[in-house]
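J.: Sequence:
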Amino acid sequence: MLDERKEKAITLILSGEAITDVAKLVGVYRSTIYNWLEDEEFKAELDRRRQEIVKQGNALILAELKTYVMELRKMAVKGKSERNRLDALQYLIDRVLGKTTTKVEQIVTEDKDKVNDDILENEFKEVDNE
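The numbering of the sequence shown is the numbering used here, which starts it at 2 and goes up by one.
Everything labelled a hint here was simulated from the structure, so no lab data went into it. Virtual Cβ for every residue (Gly too), placed ideally from N, Cα, C. Careful, some of the hints might be misleading.
[As the list claims (entries may be wrong)] What follows is a set of in silico ranges between Cβ atoms, one per label pair, in the way DEER data are often shown:
(1) GLY58 to GLU122: 38 to 48 Å
(2) LYS126 to LEU90: 12 to 22 Å
(3) ILE120 to ARG96: 19 to 29 Å
(4) ASP88 to LYS9: 22 to 32 Å
When you get a sec, could you build the whole thing from the sequences and use the hints?
T.: Have a look at this one:
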């Protein structure tokens with residue numbers, strides 16, 4: 002069970018405070034904070050709380066995901082900037098189909114010794130068109 006100072010230190014660390022400031026606010030030496038960071042119980046609680054923050058953040062994003070996708074789609078189709086439209090469209094396509102480099106790596110990995118000239122030619126054309 003962590004004492005009140007360690008709990009406060011974890012809260013401050015997770016809020017982005019510098020170690021020196023955490024030590025001052027908790028009332029310990031900076032080296033004490035570093036020692037706590039090596040302590041298994043302290044690390045476990047810090048990690049548990051960090052994961053909880055990530056989980057809460059992901060839940061908030063997931064709750065609004067449809068809105069975000071629809072806004073991105075609207076930007077891709079109706080955006081005023083051609084560059085922004087291109088970026089949004091490319092992101093949406095890459096999100097579903099994967100990036101071209103991923104496909105090239107996959108092809109190479111699947112058959113290292115065999116090179117299909119048609120595939121290479123198509124890949125070069127895609128790169129030239131980007």
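J.: Could you tell me whether the CB distance from LYS126 to LEU90 stays inside 12 to 22 Å?
T.: Distance hint for LYS126, LEU90 holds at roughly 19 Å.
J.: Between ILE120 and ARG96, is the Cβ distance one that fits in 19 to 29 Å?
T.: At 23 Å between Cβs, range holds.
J.: Could you say whether the range 38 to 48 Å given as a hint is met by the Cβ separation of GLY58 and GLU122?
T.: Between GLY58 and GLU122, where Cβ atoms are some 44 Å apart, the hint holds.
J.: Within 22 to 32 Å or not, the Cβ separation of ASP88 and LYS9?
T.: violated (43 Å)
Going down the numbered hints, you'll see the structure goes against just number 4.
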